[in-house]
Structure formats: C-alpha cells, structure tokens
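These protein sequence lines map, in sequence, to chains A and B. Residue numbering for the first sequence is 1 to 331, as defined by the UniProt record's numbering. Residue numbering for the second sequence is 1 to 337, as defined by the UniProt record's numbering.
Check each hint, because a few of them may be wrong.
[Unchecked claim] Which residues of chain B face chain A? A partial, calculated answer using Cβ under 7 Å: (1) 44; (2) 71; (3) 72; (4) 78; (5) 79; (6) 80; (7) 83; (8) 113; (9) 115; (10) 119; (11) 149; (12) 152; (13) 175; (14) 176; (15) 250; (16) 253.
Keep in mind that the hints were calculated from the coordinates and are not lab data. If you're wondering where the values come from, they're calculated on a predicted model, not measured in any experiment. We put the CB at the ideal spot given by N, CA and C, even for glycine.
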Amino acid sequence: MTETLSTPAAGELNAEGLLDAYRTMRTIRVFEERVHDEFATGEIPGFVHLYAGEEASATGVCSHLDARDSIASTHRGHGHCIAKGVDPVEMMAEIYGKRTGSCHGKGGSMHIADLSKGMLGANGIVGGGPPLICGTALAAKQQNNGGVGVAFFGDGASNQGTTLESLNLASVWNLPAIFVAENNGYAEATASTWSVAADNIADRAAGFGMPGVIVDGFDFFAVHEAAGEAISRAREGGGPTLIEVKFTRYFGHFEGDQQAYRADEVANARDKLDCLKRFRARVTESGQLESSALDTVDSEVAALIESAVTEAKAAPKPTGVDLETDVYVSY
Amino acid sequence: MARTISYREALNEALRQEMHRDSSVIVMGEDNAGGAGAPGADDAWGGVLGVTKGLYHEFPGRVLDTPISESAFVGAAIGAATRGMRPVAELMFIDFMGVCFDQIFNQAAKFRYMFGGKAVTPVVIRTMYGAGLRAAAQHSQSLYPIFTTVPGLKVVVPSSPYEAKGLLAQAIRDDDPVIFCEHKAMYDAVGEVPEESYTIPFGEANIVREGEDVTIVAFGRMVSVAAQAADELAASGVQADVLDPRTTSPLDTESILESVENTGRLVVVDEATPRCNLATDVAALVAKEAFGALRAPIEMVTAPHTPVPFSDALEDLYIPDAQRVVNATKSVVQWQR
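I would like the entire structure built from these sequences, with the hints used as guidance.
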C-alpha cells in the first residue's frame, strides 16, 4: 500500500529539538554551498556531489536516531554524515584530502564515514548501501537493542538489484530497517520519471510486503513524521518500511555538471519550496521559535563552516608513511 | 589412535566450537538450515554441502536461511560485521561471486583503508571452489586468485581436514574480512583432526614433505596432488620440498624463498587458470627475490586457459594431476643449460 501523507498539523519536537533540526539543515546547506564555491576555485580534488536542497530528508530521518542506530549513505553523502553527527570540520578536511580528515584523507567526499557514530559511509557504488543496512539491522535484532538501520539511496539506486534484493531480504527476515529513497528527479542526467518503471518508487514496497510512503522532501515535518512512524514500527519488531522522499537537488549531479538536461525547476524550488525557508516560516508563525534564535544559529553555523574551511586549507596532507597503513587490522 | 573425520565434519566442528565460544558468531546462507518456511523438517539440509548441519537447533536464532539473493545476504553479513557480529556467510559456489562481488571487493575489503583505519569488519565468506565433480563451467572454477588481488581481503585455501578446522577457527576470530575457499572434491576426504579447538595462523606455510632437490608450492586440493607426486618422485630418487602456503593472502613469501634458496628449483601447482594466478605470482616472487639461487627455469602446473569442461573425458584433462606434477618436476630437476 502506498499512501501520501499530508503535512502534519504540528511537529512533536520541542523548541530544543526544533532548533537542533534547524541547525543540522542549516549546517548542511552552508557546508554544501561553501564546497560548491571552493570547488570552483580548483582547490578541492576529485568528484563532489552536493546535497543542497535535500536537507529535510537526512535531518527529518536522523533526528529520530541514536547510538544504537546506523545509516548507509550514497555518493551524495555529506548531508547524511552531518545529520548522523559526523564532525563537519573533519569532513571538510577530508574533502580537501587532508590527514586531519574523517578518513585521514584516504576516503574523500564519496567515502566519509564514522563507524563510531553508526555512519557506515558515503558510498561510491550506487546501490551499495542497502545490503549493508540489512546487516546492521540484523545485528541490532540479534543484539536485541532496539536499534534500526536506515539505508538512504537515490532514484538511480532504486533500480539496482542490490536495493531490490535488500527490500526482499528485510521483509523475509522482518528486519528493523528503513529504506529512504531520495528521489531528486535525476539519476545523473537521466530523469527518474523515465528510468523508474513505476509511478512512484514507493509503489514497489507492495511487491516486497512492506508499507510504502511518499513524502514531500522539502517539508522537514512531513519527513520527520513519516520517518518517526517507520522507525517506531521497526523498533517494536514491525519490520521494514520504504519511504520515498521527493524533491530536487539544487546543484548538478557532480560539481562541474552543466545541467543542460534540466529545466528551471531549481529556481522555483529555491524560491517557493526550500526546506529551510518553510521551516523558518512555520516555526516562527506558530510561535514555537523566535526569529532571533534562528538568526543566532545562522551566525554560529557560518562561523563553524568558515573555520572548517580555514582549518582544512591549513591542515597537512597525508605522507608516504600513510600510504600502506590501515589496509588490514593485522597482516 | 588419533581421531579421523572428514573435511566436512572438520568445518562443522570449527563452526560449532566457535559458536559456543562466541555468541556474536552467526551463520547465514542458502539452505544453511534448509527448509525455512517449508512443511517438512526445518533443518533438512545444513547447507547444500552439509557443512552447517545440526547447528540450527543447537544455536537457536543464529543459523539463518536466506533467499537466493547473494548480494543482499553477503552484504548483510558485511554490514552486521561492522556492528559487533562475527557472521559466517556461505556463498554456495565461488562462481556466484559474479552476482555479489561489489559487496565483497568494493565494500568489505575497502572499509578499513577508505575510512582511515576506523572500520573493523570481521566477516567470513565460506565458499566452495574447484573442479572434479562434473559440475561444469559455472560451478567448478578456482577463483581464489581474483580475491587474492584485492587489498583488504584475506584468502584461505585449506588442504586437509586438519587444516580446514584450524584455519576456519582462525578465520572466524580474525578481525579482517576472510574469503574461505573449500574445495568441493574434498568434503569427504578424511584425516586426523584433534577434538579440541585450535587455530592455525594465517601466512605461515606448512611443509608437507621435506626434500633438497626441488621446491613444490601447491594450493588447496593441489597440495595432496603435489604430495602424491613427491612420493612418486622419491621412489626415483628426487627429494621434493612440498609447501602448502595455507593462505594466498597473506602469502608466506619467506618460507617459499627459504626453500628455493635451499633447493634451487621451483614447481608451482595451482588449479586456477594460468594467467595472473598463484603460480605466476609465486614464480614472479622467486624470479625476483631468489634469481641467484635458481638452477633451472621455474615450472608452473595449472589448468588450461579455458572454462571448466563438463565431460569427464575433458575435465580429467583439465585438472592438474600427480603425473603432470611429476613430469614438470623431472623436467626441472633434469634441466641443463
């Protein structure tokens, strides 16, 4: 069964929770826009895929998670990392290929991870994460600790066999797993309306015997509510859920993508749909938060990202002694 | 008299002892119990190989049947390993790596390095390899060289029941991802195996026969073939040093070089196809590191560069046998400039 949730009447979060959610989304946005600017200078090596525009998804889901829980991400993984608690300063250093980075410069943008935070890594393989999350969910089930696993993947990965196999296995084993399909409209340059042979990715849930839910990915509260239901159900032994989050990304597939395949949906999204604008309007209009409190977060986030970039640029690169370390625990 | 059991029983005993020792050890794979959801017995098979037979009832909830869905359950084993479990996944035939290789070589193998040394992924993937059962091209390959090329993986090729038990226990206790390659023609092979639990360290070759005239390095089932050849050669006065490296990654290069320094001659026996296999790897090692000691060209006894054929008439020609090892060894020993 697939259902479309209407925007919930009110979030369950208190003022502190709301402010945390805003801070996370704002941190992701500023981080990504800064990486976009810095990449253009040529100082950042390799491939970078930005999450700007999609912040409500990572934040709405991860705001329900704790140390028992794990997530797997995608090549577009910075937002998931930040939302699961990975240090943005270390992340920025990693993106610059520095020894002080999250992975000591050995991973880069596509492989930022922090296992101690239950973040199993951004992943350079489309569809690489869902099987791993079947495993982390299985571990939580075996350890009987109430933990869940969340696989974030894109519309492109929704067509990979690994994803479909994982949906089946999660149902067969009744795993505490949540599959979050982030449908940003394009797998690289190919439209999901063309590549996904169903009206919605969430429709596929029925074929795997689990609930499928579609949410407005620009609405933090909609994501938060849908994820909350799915995660509660999973924690209580009710099995997996497929959540399709629909939105668009603000930048190209990768930095440098000229995006000739797109129409003008980004300008409209930034202007009328943007998750941060809508969040701010809603919590201030309802009186849950003061504008000044949000402004303070904006300043703090701006300072954090500024210092992250400054530190990253100044940090040392790994050296030859690092080349052959950490391949094995022992060999 | 010491107890004698089969390779299959030795593997089963290692699993049982490790599951008793450590509650984080779980087992999963197609029909590993055998009968999930079916109207009859819920532990009908114990895996198609029978290796996991009996564990399902002894360890409730820790032996998991899976759909035929290798990417999902091999990946699940890897994911569970990152979260405190020690999963042993059974990839029924090594040939099926083709449908789940990404999870093994792009995920498990790379986590530790790619994540800056912060990942520990103690997963074991048990898998059946090798020719000899008329199982044809998609169920008979010796693909361990492919795994051996991948940094981050350890690769084990046990050559006897004793080796199988000790190496599997080590694989389960090891903190790195291990590909454990069991030869399908060896499950009924019997040998002396202690009842108590023991481990055999990785990267330490076993000297199967001692000799001064020639070094024969052999892998997996080829170790017994090489030993048989060595016995025949001994009857004609040629004394061979036969080395079983036990693991292809890590590889005990020190023992191999030490032996060749002593004998001056090398034959490598590898059931894999001849390009970029363990024979070429060991030959290159010796040619580079022990060139001065060599008194004859290196010989390699391998399968031909073909898929594994079905017909017994062809498959028997495909698999290296003791006669080919004897012939290759004699040509090396008799070689003159």
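Check each numbered hint against the structure and report the violated ones by number, ascending. Going through the list in order, the structure violates hints 1, 11, 16 and respects the others.
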